[in-house]
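Those sequence lines, one after another, are chains A and B.
Per this note's numbering, the first sequence starts with residue 31, numbered consecutively.
Per this note's numbering, the second sequence starts with residue 31, numbered consecutively.
Hints in this document: simulated from the structure, not taken from any laboratory.
Remember, it's a predicted structure, so these values are computed and weren't measured experimentally.
Please note: incorrect hints may appear among the correct ones.
The list treats identical chains as interchangeable, and a pair is accepted whether it falls inside one copy or across any two copies.
What the hints assert, rightly or not - List time: in silico PhoX-like cross-link candidates among lysine-lysine, alpha-carbon distance up to 20 Å:
1) K275 x K35
2) K35 x K100
3) K97 x K35
4) K125 x K100
5) K100 x K46
6) K63 x K75
7) K471 x K422
8) K247 x K215
9) K313 x K274
In case you want the letters, here they are:
2 protein chains.
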Amino acid sequence: MNQLKFSLEESEIPEKWYNILPLLSLEPPLNPKSLDPAEKEDLLKIFAKPCVEQEMSQESWIDIPEKVRKIYRHWRPTPLFRARDLEDMIGTPAKIYYKYEGVSPPGSHKPNTAVAQAYYNKKEGMERVTTETGAGQWGSALSYGANQFDLPSTVYMVRISYRQKPDRRPMMEAWNGEVIPSPSKKTEAGKDRFNEDSENPGSLGIAIAEAIEDAAKHENVHYTIGSVLNHVLLHQTVIGLETKKQFKKAGDEPDIMIGCAGGGSSFAGFSLPFIGDVIEGEKNTNFRVVEPTACPSLTSGRYRYDFGDSAQETPLIKMYTLGHDFVPPPIHSGGLRYHGMAPIISKLVEEEVMEPVAVSQMEMFEAALEFSDVEGIIPAPEPGHAIQQTIKEAKRCRETGEEKTIAFLLCGHGHFDMEAYREYYSDELEHIEYPEDEIEKSMDKLPDVE
Amino acid sequence: MNQLKFSLEESEIPEKWYNILPLLSLEPPLNPKSLDPAEKEDLLKIFAKPCVEQEMSQESWIDIPEKVRKIYRHWRPTPLFRARDLEDMIGTPAKIYYKYEGVSPPGSHKPNTAVAQAYYNKKEGMERVTTETGAGQWGSALSYGANQFDLPSTVYMVRISYRQKPDRRPMMEAWNGEVIPSPSKKTEAGKDRFNEDSENPGSLGIAIAEAIEDAAKHENVHYTIGSVLNHVLLHQTVIGLETKKQFKKAGDEPDIMIGCAGGGSSFAGFSLPFIGDVIEGEKNTNFRVVEPTACPSLTSGRYRYDFGDSAQETPLIKMYTLGHDFVPPPIHSGGLRYHGMAPIISKLVEEEVMEPVAVSQMEMFEAALEFSDVEGIIPAPEPGHAIQQTIKEAKRCRETGEEKTIAFLLCGHGHFDMEAYREYYSDELEHIEYPEDEIEKSMDKLPDVE
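Could you put together the complete structure from these sequences and hints?
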């Protein structure tokens, strides 16, 4: 019988993360006031020391602490599936594989870094960690990770999501996370807005500002971040390292790797261990990074220094950006609604190692349902973007007769996104136009730093 | 490092189901009018022939069709975990293992039989299958299973659940299931109630009657059932057969096996392959079957002939029952709100092979959260009952110093039950009393057949 699932033993969970920084020349983050390279000390105020060191490390391999690996074992190694039914449905000579991160307790790849960040902060004597969350994936992962080390967590959740995704709050509370609808009266960043209108819907920008302020003004409290930064992408490389071992077991290797990107950490985790081989000239794998047409930083943004947040308080980072002021239309892929992109992914796109593609919400839902129809798993809308591109590539192979091996990352399940599917079926979803005017306007406000 | 997860290869998915019927002397179902043993022909009107044959088969092993095994591979073999963190939290010398069925696309053990029933019906030329669903677990599984064979499915969903669990409907629709709130105007069984009040909240009894009528009155349409009957329990034995192989790999074997029971199919699937060894005198494993105090058929019911449904249309079956008229209080474990119990489980309890235990909703939630706190996975409320009993046994071992090996079945995740957890945290859940008066009243209406 033709194998569908390529599993690994617990002992095959990677012992080191893969760091691609030594192979890239990334521009340093800049202090937003002086425009000089940001000081390590600034970062140490809000992040754990090992995270700051990893952020700029030139070591190719970084040990995964034994206590982090121990917790990874609750759901890792994650399975690599061969999507034979999808191949049959398309009628393609291509082989399609997918790595599935939805088996983690919070349901996505996010705990790969949440557990690591929680561990380092606990070890440093922190008494609490903070973060922000939009749709709730990252907040859930952080609560889960922190709770594994008996570390209290505070999650500022964008108020409109807090109302629209009521199931995420009890999930975070099950893991002893404190969930605060943002803007709140707990911080300077939220107070005025809250007092003006206690039902203010909030934004990711405000929630980030609240979480950072909460960390900065308390001595033993640190902030944690779910994507974009180098150390977060590093922690995610367990995904790609496992995938490599699984392809070896399958006696195959990918020609094309596909993933969605909001901040970019899941696709980086999946692809970086393979990209190392490409940069070192050992392979010529292709990489497609897929974003929503509603928030197209890579396909419509500029490669420039910009703020990581709308409050203009983070260091300036060199990345593809739509401008820190850009507010994406309300698509259901909350995890892809970010104005910028991880510096590592940005650099790889700039150097044409990765090819960016944009997919509309409607195309995405159609593809996600074609997938669940045959493969069973109902994907989150975010990886639906990767599925759409995968089906497209497989159809191209059907035309050309190429027997390519395609691998995509299914970074999470859609159990908390069923309302989005209901809207799609009920024809309540409208086509969301490419937000051309908004992008132009926010591009005008890019900081004047080349 | 101490292993946490015991995985099996795809090739280790069982090739046969285990049938315990040859080891038990079950009383036959009776025709509700004549009180003679029910005719095979009556069952063939609504069920596929292989299912009816399995219902009374005296073969110990029954081949799993290759096409069913092929679909099992989408999520099977499921993992067996060692709950070391739970052991540490309790401080027990006992070893705790759990078999986790929540990795299936619908999120529970239910597709083990849904896929099989769909396959047999497709092969028999059926053009559609019907069923009822309460909270939605079974309806989701049936839609998923039927869709794998391109077989349309119609699910009559109790209207109050249809409203309270809005996320289940789009899930079933993703698998091309037709979801009809019950009572509906589509059937004689539902029409009058619907016409009287189109917002009638419905009941499982009405929904069963609608699904059976829909099947009976259309030539190429069959009914499918999610629990209670022998063939359903048979299909679930893949769970226990895998568990046996996994214990062999772990170099251990269970002293006590624990599971929750509504109709009884999940715990039967988990335990029957081990119970065979006990009946044949090879082992002396203990079995605890856990039910809610709100619906205590095994601990407070009688072992008698009764109807399977409140409409009194099914054959009479010999089982532990609270009376077919009994309407359990609205606990959050929808899957455990059934007035009767599978004849196989009932017999094993009557013969004292299994020991029944009842757990209250409050105790259950407390235990479920102790579990997710350390192990991560948030359980559905139904297996929360098994967790409560497991923790109790492990604490007993702490007192006595016994190094027992305890295995429980985690039959599904709680991703669609987060509202129940929210109510628990918010102190909105009240203690639900043992429904003594209602039980007495419905017991009075038991049919007069010994």
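So, going through the hints one by one against the coordinates:
1. Proximity of K275 to K35 under the C-alpha cut-off of 20 Å is found in both arrangements, the shortest distances being 13 Å within a copy and 18 Å between copies.
2. In this assembly of identical chains, K35 and K100 lie within 20 Å of each other by CA distance solely across copies; the values are 11 Å between and 23 Å within a copy.
3. Only between protomers do K97 and K35 lie at most 20 Å apart by alpha-carbon distance; the minimum there is 16 Å, versus 28 Å within a single protomer.
4. When the C-alpha separation of K125 and K100 is checked against a cutoff of 20 Å, the pair qualifies only between copies, where the shortest distance is 18 Å, while the shortest distance within a copy is 33 Å.
5. When the C-alpha separation of K100 and K46 is checked against a cutoff of 20 Å, the pair qualifies only within one copy, where the shortest distance is 13 Å, while the shortest distance between copies is 35 Å.
6. Taking CA atoms no more than 20 Å apart as the test, K63 paired with K75 passes inside one copy only; the shortest distance there is 17 Å, against 79 Å between copies.
7. Taking the closest pair of Cα atoms, K471 and K422 never come within 20 Å of each other, the shortest separation being 32 Å inside a single copy and 62 Å across copies.
8. In this assembly of identical chains, K247 and K215 lie within 20 Å of each other by CA distance solely inside one copy; the values are 15 Å within and 62 Å between copies.
9. Only within a single protomer do K313 and K274 lie at most 20 Å apart by alpha-carbon distance; the minimum there is 13 Å, versus 43 Å between protomers.
Hint violations for this structure: number 7 only, all remaining hints satisfied.
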